[in-house]
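Protein chains: 2
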Amino acid sequence: MQFTIQSIATVHNNRQMIQDDRWGEIISTIELADHIHEASLKGIEDFSHLEIIFYFDKVTDDQIQYKARHPRNNQDYPEVGIFAQRGKNRPNKLGSTTVALLEVKPRALIVQGLDAIDGTPILDIKPVMKEFLPKKDVKQPAWSVDLMKAYWG
Amino acid sequence: MQFTIQSIATVHNNRQMIQDDRWGEIISTIELADHIHEASLKGIEDFSHLEIIFYFDKVTDDQIQYKARHPRNNQDYPEVGIFAQRGKNRPNKLGSTTVALLEVKPRALIVQGLDAIDGTPILDIKPVMKEFLPKKDVKQPAWSVDLMKAYWG
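So the sequence lines, in the order shown, correspond to chains F and C.
Letter by letter, the first sequence follows residues 1 to 153 in full-length UniProt numbering.
Letter by letter, the second sequence follows residues 1 to 153 in full-length UniProt numbering.
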């Protein structure tokens with residue numbers, strides 16, 4: 001089944017190049033697309049965090065991984081399936097990240113910690129509610145802890 | 001900007017009708033689509049939780065809300081923008097939920113707490129890593145706490 005989706009906003013920040021690490025301090029402006037009404041943001045200032053779903057538009061179709069690979073092509077990490085990692089070269093090219101909401105403007109949001117480069121199309125914005133966080137302890141393999149060491153900065 | 005996306009898996013569970021509440025005990029099978037290699041799940045058993053991005057395919061285009069509305073049409077809740085709530089009638093019809101991973105089969109995952117009905121197309125599966133959870137306390141308005149009271153059951 002195929003579906004058509006459309007960007008509802010665009011990222012503006014000072015990161016022009018794809019980069020693996022140090023995303024924590026990046027401040028981004030998420031600017032609504034023309035066809036989205038500013039009322040869509042009403043009341044969003046009452047949330048501290050947002051979940052941003054975006055589209056890795058710089059990934060070409062031939063880069064998409066459908067099987068398994070070493071995360072970051074690092075042979076020290078085990079070979080794991082594309083759905084057992086969060087890398088960008090994935091089917092449907094969807095990214096999803098929780099950010100801190102710093103400021104709300106009439107047609108834009110200022111957020112911290114969005115790991116998307118300047119110009120990235122945004123597909124959805126959802127408020128983070130505690131009730132949607134994991135209900136029990138999160139377990140994850142050692143390679144993923146190592147990979148994330150410098151991710152936020 | 002428009003993009004085409006394709007389901008990579010399908011939900012199977014015993015919930016046939018759209019329902020607001022009591023999703024916590026629902027056990028779902030996520031079955032890979034034919035064009036997705038089973039190696040895409042390699043190593044996923046080392047994660048306790050997954051983030052599932054899915055498509056609200058039962059929502060018709062005329063149901064999509066681009067402005068603001070009372071969540072669940074409940075007048076006791078404030079009118080808030082569609083991006084300040086998680087309701088399904090949203091631009092791009094994307095859902096995103098963290099589930100507990102119970103079991104891995106060669107071409108399927110058994111998960112608990114997926115709030116999607118039987119037959120829902122799945123667009124992405126991402127492992128939950130602690131480093132992607134909110135870094136500070138989550139703040140949210142009182143209406144959202146009230147709305148979530150019976151959501152998981």
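Hint data in this document are derived by calculation from the structure and do not stem from the laboratory.
Hints may be right or wrong, so weigh each one.
[Said to hold, decoys possible] Derived lysine-lysine pairs resembling BS3-like cross-links, with alpha carbons at most 27 Å apart:
{"#": "1", "chain 1": "F", "residue 1": "58", "chain 2": "C", "residue 2": "136"}
{"#": "2", "chain 1": "F", "residue 1": "136", "chain 2": "C", "residue 2": "58"}
{"#": "3", "chain 1": "C", "residue 1": "130", "chain 2": "F", "residue 2": "130"}
{"#": "4", "chain 1": "C", "residue 1": "42", "chain 2": "F", "residue 2": "135"}
{"#": "5", "chain 1": "C", "residue 1": "67", "chain 2": "F", "residue 2": "130"}
{"#": "6", "chain 1": "F", "residue 1": "88", "chain 2": "C", "residue 2": "67"}
{"#": "7", "chain 1": "F", "residue 1": "135", "chain 2": "C", "residue 2": "139"}
{"#": "8", "chain 1": "C", "residue 1": "105", "chain 2": "F", "residue 2": "42"}
{"#": "9", "chain 1": "C", "residue 1": "58", "chain 2": "F", "residue 2": "42"}
{"#": "10", "chain 1": "C", "residue 1": "149", "chain 2": "F", "residue 2": "58"}
{"#": "11", "chain 1": "F", "residue 1": "67", "chain 2": "C", "residue 2": "42"}
{"#": "12", "chain 1": "F", "residue 1": "136", "chain 2": "C", "residue 2": "135"}
{"#": "13", "chain 1": "C", "residue 1": "130", "chain 2": "C", "residue 2": "67"}
{"#": "14", "chain 1": "F", "residue 1": "105", "chain 2": "C", "residue 2": "67"}
{"#": "15", "chain 1": "F", "residue 1": "136", "chain 2": "C", "residue 2": "67"}
{"#": "16", "chain 1": "F", "residue 1": "139", "chain 2": "C", "residue 2": "58"}
{"#": "17", "chain 1": "F", "residue 1": "139", "chain 2": "C", "residue 2": "105"}
{"#": "18", "chain 1": "F", "residue 1": "42", "chain 2": "C", "residue 2": "139"}
{"#": "19", "chain 1": "C", "residue 1": "149", "chain 2": "F", "residue 2": "136"}
{"#": "20", "chain 1": "F", "residue 1": "130", "chain 2": "C", "residue 2": "139"}
{"#": "21", "chain 1": "C", "residue 1": "88", "chain 2": "F", "residue 2": "42"}
{"#": "22", "chain 1": "F", "residue 1": "139", "chain 2": "C", "residue 2": "42"}
{"#": "23", "chain 1": "F", "residue 1": "135", "chain 2": "C", "residue 2": "88"}
[Said to hold, decoys possible] Over the 12 Å line for every Cβ pair with chain F, so calculated as not near, a few chain C residues:
{"#": "24", "residue": "6"}
{"#": "25", "residue": "14"}
{"#": "26", "residue": "16"}
{"#": "27", "residue": "27"}
{"#": "28", "residue": "42"}
{"#": "29", "residue": "80"}
{"#": "30", "residue": "112"}
{"#": "31", "residue": "118"}
[Claimed, not checked] Chain C stretches covered by chain F per the calculated footprint, using a threshold of three residues with CB under 8 Å from any CB of chain F:
{"#": "32", "region": "30-41"}
{"#": "33", "region": "70-76"}
{"#": "34", "region": "87-97"}
{"#": "35", "region": "121-131"}
{"#": "36", "region": "135-145"}
The beta-carbon is built from N, C-alpha and C at its ideal position, and this holds for glycine as well.
Status of the hints after comparison with the structure:
1. Among the hinted pairs, residue 58 of chain F with residue 136 of chain C is inconsistent with the structure: their alpha-carbon atoms are about 31 Å apart, more than 27 Å.
2. A threshold of 27 Å between alpha carbons decides the hint, and for residue 136 of chain F with residue 58 of chain C the separation of about 31 Å lies outside it, so the pair is violated.
3. For a cut-off of 27 Å, the pair hint linking residue 130 of chain C to residue 130 of chain F stands: about 14 Å separates their Cα positions.
4. With a C-alpha separation of about 24 Å, the suggested pairing of residue 42 of chain C with residue 135 of chain F holds against the 27 Å cut-off.
5. For the hint pairing residue 67 of chain C with residue 130 of chain F, the CA-to-CA distance comes to about 24 Å; that is within 27 Å, so the pair holds.
6. Note on residue 88 of chain F and residue 67 of chain C: the hinted pairing is violated, with a Cα-Cα distance of about 31 Å set against a maximum of 27 Å.
7. Proposed proximity of residue 135 of chain F and residue 139 of chain C is supported: the alpha carbons are some 17 Å apart, at most 27 Å.
8. For the hint pairing residue 105 of chain C with residue 42 of chain F, the CA-to-CA distance comes to about 43 Å; that exceeds 27 Å, so the pair is violated.
9. With a C-alpha separation of about 26 Å, the suggested pair residue 58 of chain C and residue 42 of chain F falls inside the 27 Å cut-off, and the hint holds.
10. Using a Cα cut-off of 27 Å, the hinted pair residue 149 of chain C and residue 58 of chain F is violated, with the two alpha carbons roughly 41 Å apart.
11. Under the criterion of a C-alpha separation no larger than 27 Å, the hint pairing residue 67 of chain F with residue 42 of chain C is consistent with the structure, at around 8 Å.
12. The hinted pair formed by residue 136 of chain F and residue 135 of chain C meets the criterion: a straight-line CA distance of about 17 Å does not exceed 27 Å.
13. Under the criterion of a C-alpha separation no larger than 27 Å, the hint pairing residue 130 of chain C with residue 67 of chain C is inconsistent with the structure, at around 33 Å.
14. With a C-alpha separation of about 16 Å, the suggested pair residue 105 of chain F and residue 67 of chain C falls inside the 27 Å cut-off, and the hint holds.
15. The hinted pair formed by residue 136 of chain F and residue 67 of chain C fails the criterion: a straight-line CA distance of about 35 Å is larger than 27 Å.
16. Proposed proximity of residue 139 of chain F and residue 58 of chain C is contradicted: the alpha carbons are some 33 Å apart, above 27 Å.
17. The suggested pairing of residue 139 of chain F with residue 105 of chain C holds, with an alpha-carbon distance near 19 Å, which does not exceed 27 Å.
18. Distance check on the hinted pair: residue 42 of chain F and residue 139 of chain C sit about 16 Å apart at the alpha-carbon level, within 27 Å; holds.
19. Distance check on the hinted pair: residue 149 of chain C and residue 136 of chain F sit about 18 Å apart at the alpha-carbon level, within 27 Å; holds.
20. Between residue 130 of chain F and residue 139 of chain C the alpha-carbon distance is near 8 Å, which keeps this suggested pair within the 27 Å criterion.
21. A threshold of 27 Å between alpha carbons decides the hint, and for residue 88 of chain C with residue 42 of chain F the separation of about 17 Å falls inside it, so the pair holds.
22. Of the pairs offered as hints, the one joining residue 139 of chain F and residue 42 of chain C holds, with about 16 Å between alpha carbons and a cut-off of 27 Å not exceeded.
23. Distance restraint check for residue 135 of chain F and residue 88 of chain C: the Cα-Cα separation of roughly 22 Å lies within the 27 Å cut-off, and the hinted pair is therefore satisfied.
24. Annotated as non-interface, residue 6 of chain C brings its C-beta within 12 Å of a C-beta of chain F; the closest such distance is 5 Å.
25. Listed as outside the interface, residue 14 of chain C is consistent with that label: its C-beta sits roughly 21 Å from the nearest C-beta of chain F, beyond the 12 Å cut-off.
26. For residue 16 of chain C, the shortest C-beta to C-beta distance to chain F comes to about 18 Å, beyond the 12 Å cut-off, and the non-interface label holds.
27. Every CB of chain F lies more than 12 Å from the CB of residue 27 of chain C, the least distance being 15 Å, so the non-interface label holds.
28. Its beta-carbon lying about 4 Å from the closest one in chain F, residue 42 of chain C breaks the requirement of being farther than 12 Å from that chain.
29. With 12 Å as the threshold on Cβ separation, the claim that residue 80 of chain C sits away from chain F is violated: the shortest Cβ distance comes to roughly 3 Å.
30. Its closest Cβ contact with chain F, about 9 Å, brings residue 112 of chain C to no more than 12 Å, contrary to its assignment away from the interface.
31. No Cβ of chain F approaches the Cβ of residue 118 of chain C within 12 Å, the least distance being about 15 Å, so the stated non-interface status holds.
32. A count of 6 residues in the region 30-41 of chain C with a Cβ less than 8 Å from any Cβ of chain F is obtained; the coverage claim is therefore met, three being the minimum.
33. Only when three residues or more bring their CB closer than 8 Å to a CB of chain F does the claim for the region 70-76 of chain C stand; here the count is 0, and the claim is violated.
34. Residues of the region 87-97 of chain C lying with their CB closer than 8 Å to a CB of chain F number 7, which satisfies the three-residue condition for coverage.
35. Under a criterion of three residues with beta carbons nearer than 8 Å to beta carbons of chain F, the stated coverage of the region 121-131 of chain C is upheld, 10 such residues being counted.
36. Here's how the region 135-145 of chain C fares: 9 of its residues keep a CB closer than 8 Å to some CB of chain F, so the rule of at least three is met and the hint holds.
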